[in-house]
Amino acid sequence: MSAINVDLAVNGLITGLFYALMAIGLSLIFGILRIVNFAHGEFYMVGAYAYTLIALAFGVPVWIALPLAFLFGALVGWITERTLMRPLYQGYTSWGLMRDEYAVIVTFGLSLFLINLVDKIIGPYAYRGPPLVETSRITLGPIMISGHRLVAAGICIAVIIGTAALIKYSFWGKQIRAVSQNRLGASLAGINTAKASAIVFMLSGGLAAFAGALLSPVINASPDVGVFPAVKSYIIVVLGGLGSVPGSIIASLALGVIESFGAVYLSYQYRDAFGLILLMLFLLFRPQGLFGEKGREV
Amino acid sequence: MVSTSPNAAGASSPAPAMKPSSAQLTTTKTTVEFRAALIAMAFIAAIPLFVSNAYWLGVLIVSMYFAILAGGWNLLAGYTGQFSLAPAAFAMIGAYTTGLLATYFAVPPLLGIPAAIVVAGVIGLALGRAVMRLNGPYLALTTLSFAEIMRLVISNSIDITRGDLGLSVPGMINNRIVWYYFFLGVLVALLVGFYLLLRSKAGLFLQAIRDDEVAARRAGVDVVFWKTAAFALSAASAGFAGALYAHFAELVTPELGLIGQTGLIVSMTVIGGIGTLAGPIIAAFIVYVISEWLRDVGGYQLIVFAALVVIFARFFREGLWGLAKSGYKKFSAKRGTST
Amino acid sequence: MTMLSVRGVKKRYGGLTAVDNVSLDINEGELVGLIGPNGSGKTTLLNILSGLAIPDEGEILLDGKPCQGLTPEKLAHRGVMRMFQLTRVFRRMNVVDNLLVAGRALGLGPDEALSRAHSLISELRLDAVRELDAGQLSGGQMKLLEFGVCFMVPPRIALLDEPFAAVHPTMKEIMGAFIRSRHEKGQTFLLVSHDMPVVVELCPRSVCMNAGSVIIDAATRDVLNDARVIEAYLGGQAA
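Protein chains in written order, with my numbering: chain A, 1 to 298; chain B, 1 to 339; chain C, 1 to 239.
Some hints here could point you the wrong way.
Claimed, not checked - Restricting the straight-line Cα-Cα distance to at most 25 Å, the calculated cross-link-like pairs of lysine to any residue (SDA-like) are:
#: 1; chain 1: A; residue 1: Lys120; chain 2: B; residue 2: Ile290
#: 2; chain 1: B; residue 1: Lys201; chain 2: B; residue 2: Arg133
#: 3; chain 1: B; residue 1: Lys201; chain 2: C; residue 2: Asp111
#: 4; chain 1: C; residue 1: Lys74; chain 2: C; residue 2: Ser5
#: 5; chain 1: B; residue 1: Lys330; chain 2: C; residue 2: Arg92
#: 6; chain 1: A; residue 1: Lys120; chain 2: A; residue 2: Asn220
#: 7; chain 1: C; residue 1: Lys74; chain 2: B; residue 2: Val214
#: 8; chain 1: A; residue 1: Lys120; chain 2: B; residue 2: Val62
#: 9; chain 1: A; residue 1: Lys195; chain 2: B; residue 2: Phe315
#: 10; chain 1: C; residue 1: Lys74; chain 2: B; residue 2: Lys29
#: 11; chain 1: C; residue 1: Lys74; chain 2: C; residue 2: Gly64
#: 12; chain 1: C; residue 1: Lys74; chain 2: B; residue 2: Lys325
#: 13; chain 1: C; residue 1: Lys65; chain 2: C; residue 2: Asp25
#: 14; chain 1: B; residue 1: Lys29; chain 2: C; residue 2: Ser115
#: 15; chain 1: B; residue 1: Lys201; chain 2: C; residue 2: Leu70
#: 16; chain 1: B; residue 1: Lys329; chain 2: B; residue 2: Val62
#: 17; chain 1: B; residue 1: Lys201; chain 2: B; residue 2: Leu190
#: 18; chain 1: B; residue 1: Lys325; chain 2: B; residue 2: Arg133
As the list claims (entries may be wrong) - Pairwise CB distance ranges (calculated):
#: 19; chain 1: A; residue 1: Gly59; chain 2: B; residue 2: Arg129; range: 50 to 60 Å
#: 20; chain 1: C; residue 1: Tyr13; chain 2: B; residue 2: Ile311; range: 40 to 50 Å
#: 21; chain 1: A; residue 1: Gln181; chain 2: C; residue 2: Ala211; range: 21 to 31 Å
#: 22; chain 1: A; residue 1: Gln181; chain 2: C; residue 2: Asn21; range: 29 to 39 Å
In short, the hints are calculated from the structure, not lab data.
All residues carry an ideal CB built from backbone N, CA and C; glycine is no exception.
Whole structure, please, built from the sequences with the hints as guidance.
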């Protein structure tokens, strides 16, 4: 395999790792509430800003700013769940049967609100987040990569593995999976489903914020910085099968690689369109994705 | 209003002495909404008598653009239950159709605009057919992707469309007041069209599809036809609005198709009252005029409106129209008027 | 005159054969009961007959013409009407509009549809709630409304899926009277029910299914006394 292809592949995989942080959270939300969170990109944006501003404005070291960004994203996620998501499972809404539509409108509105709020309060200008390490070029065989990207990738891997382990083995992980499979059954078995939903949103917000923080040196924090990553994550969760965490991880890596090669060999201009086209094709012909279950009504 | 003889379930009832006509019973709600919308339109028609400021007349004209988009989207989302996130894309498609025809083939607006309606309608039909089996978030995501792809294509085809620089489009009417009434005329015509549609069996079928698609099929409703028809109609009206806007602004850019524009349309519809005939149209004016006014004052308009969307969705599903309705009921009750 | 002919219909869901080589004929004007324990395939068979599921094998003839695989809408136009076990009405539309949907969809003009809707409302004792949205009705009223929807245009055959399940005795009365009076006028029914007294009262003939197959198809009295049927119900509810 030629050097450039190895480089493309590795870089694609690394990009995929960052995508995975976004996609896992979105997938978990779908699993537990059966909705797509259209404000997901704004969790990313919030994390990018939190990291960048905490580090730059308060002079906090990057290694502390990073987990703080995670916590901030988790906080925003928790507030979102608490204020807006309860009607989806507690029934006290006049939307009644139109819960899907409620979720679309309310998360869409939340997205617009957060984008414009940040635009107004902090300003529309982009802020460049401080890199984790200053080394700008490291050569590993055929691959050239920045120090920050390499370290960020490593952290990503650790976080993804940690999250996957959490979902699989921890107490709350099992609760979450139970609620995802059968909400009514889980609550009858004594599981606090509201708390499980809250935890999922916190985790989801935190992970997305983390991604925003890690990428902020390259993709600078601006009010609409989350829009693109969000669209990517929608694509990924559908490809991987809505609700499947392993599917999301695999699809993330795949999309990263596809975009990496596609940008060079097919079209740089339309590099962002590949995912969109894949998304449309999957939704039209195989909505359950690669790994999802065949859902939906008769 | 129809009078019903009170009957406990189980008691036999005599045949009603007065059989209500279909106009009264099945369309009372829609007819009230239609009349309210007409009153609002009359008010808007009177404005140029008092306001001659060209800027504010322009603001109102753009409001009409959004009112058409909101009304068309409401037909698809509010009445048929299909939450498409592509309305702005269809406006953009309409705008570029007439713009490109004018630029490259010297097609006059009076032909370009109908062409835009047809192109947007046909693409809408195709998209509607393709997304037939999807609903909820799946439908939203697919239409979102479609909209983004369309925008990227137009934005990147710089040789043909001049991309983000925008395409100059010939004007159509020189006088802003004439434009005002022309746009308003189109809006009212579409309002009347939607009203007649909703009063007909189509209105019954679309709402049945929204409420329970399987039950609608069981009852014999040709769901495939009506869902695609709703999509096509919604897209065609959006294309119409876009084409008109193109000749009014004399410039089209891919910004017409941004997701943020769809966000504005959705906001207006939800705040006005999704699934009501008058709400979205009236709210389009309120939202846009206030947003332009606030823009001068401090620019918080988008924050406010996004917040309102969230609050209304969460607490006031029926929107401003619903609030007006319950306000009126309370008012009548207090005054002791019998219904 | 055989109206509905089911021949060798099979339906598999993954490893499970829900309907296994089912054949039966229903003649015009019959009121046939379809009984069997939970999971015996009754609802799947009904789904197939009403177009909500496509059989893997076999054919279904309505008035001599094949109709397996047709969509529910097309079947409705051919005269197959199906009531759901879990009531399905148009919740945000009022009672009259609910009925008008079926009437207009199946070809009635606006005035005729409206007058039929009103007479059905009277027959089903729903006058008091005529202007309410269907979502505001009680469960029993919703069921009656669904009944009305199915009979706006009298179907060739009415497939009723457990219409008496969890229903107030008064409503049962109304529904039973409705079915009986229509049947006397020649309406054909296939009635799925667990309510044995009602099956005995209404259906001269019954078909019993178990594990996807038809185990007996005979006069109701004989069916309910059949050893296989009693065994299928594990202790049985033979009248």
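Here is how each hint holds up against the structure:
This hinted pair checks out: A/Lys120 and B/Ile290 have alpha carbons roughly 17 Å apart, not beyond 25 Å. Restraint check: the Cα-Cα separation between B/Lys201 and B/Arg133 comes to about 23 Å, which is no more than 25 Å; the hinted pair holds. A hinted pair counts as satisfied when its Cα atoms are at most 25 Å apart, and B/Lys201 with C/Asp111 qualifies at roughly 12 Å. Our distance criterion of 25 Å between C-alpha atoms is met by C/Lys74 and C/Ser5, whose separation comes to about 18 Å.
Annotation: proposed proximity of B/Lys330 to C/Arg92 holds, straight-line Cα distance about 22 Å (limit 25 Å). Our distance criterion of 25 Å between C-alpha atoms is met by A/Lys120 and A/Asn220, whose separation comes to about 17 Å. Restraint check for C/Lys74 and B/Val214: satisfied, since their Cα atoms lie roughly 13 Å apart, inside the 25 Å limit. Proposed proximity of A/Lys120 and B/Val62 is supported: the alpha carbons are some 24 Å apart, at most 25 Å.
Straight-line distance between C-alpha atoms of A/Lys195 and B/Phe315 comes to about 22 Å, which keeps the hinted pair within the 25 Å bound. Only pairs whose Cα atoms come within 25 Å are accepted, and C/Lys74 paired with B/Lys29 is rejected, the gap being roughly 31 Å. Proposed proximity of C/Lys74 and C/Gly64 is supported: the alpha carbons are some 16 Å apart, at most 25 Å. Note on C/Lys74 and B/Lys325: the hinted pairing is violated, with a Cα-Cα distance of about 40 Å set against a maximum of 25 Å.
For the suggested pair C/Lys65 and C/Asp25, the alpha carbons sit about 14 Å apart, so the restraint of at most 25 Å is met. Among the hinted pairs, B/Lys29 with C/Ser115 is consistent with the structure: their alpha-carbon atoms are about 20 Å apart, no more than 25 Å. Under the criterion of a C-alpha separation no larger than 25 Å, the hint pairing B/Lys201 with C/Leu70 is consistent with the structure, at around 24 Å. As the CA atoms of B/Lys329 and B/Val62 are separated by approximately 33 Å, the hinted pair breaks the 25 Å bound.
Proximity of B/Lys201 to B/Leu190 is assessed by CA-CA distance (about 18 Å); at most 25 Å being required, the pair is judged to hold. Between B/Lys325 and B/Arg133, the direct Cα distance comes to roughly 35 Å. Violation of the 25 Å bound is thereby established for this hinted pair. For A/Gly59 paired with B/Arg129, a C-beta distance near 58 Å keeps the hint of 50 to 60 Å intact. For C/Tyr13 and B/Ile311, the Cβ-Cβ distance of about 45 Å falls inside the hinted range of 40 to 50 Å, so the restraint holds.
At roughly 27 Å, the beta-carbon separation of A/Gln181 and C/Ala211 lies within the given 21 to 31 Å, and the hint holds. For the pair A/Gln181 and C/Asn21, the supplied restraint of 29 to 39 Å holds, since their beta-carbon distance comes to about 34 Å.
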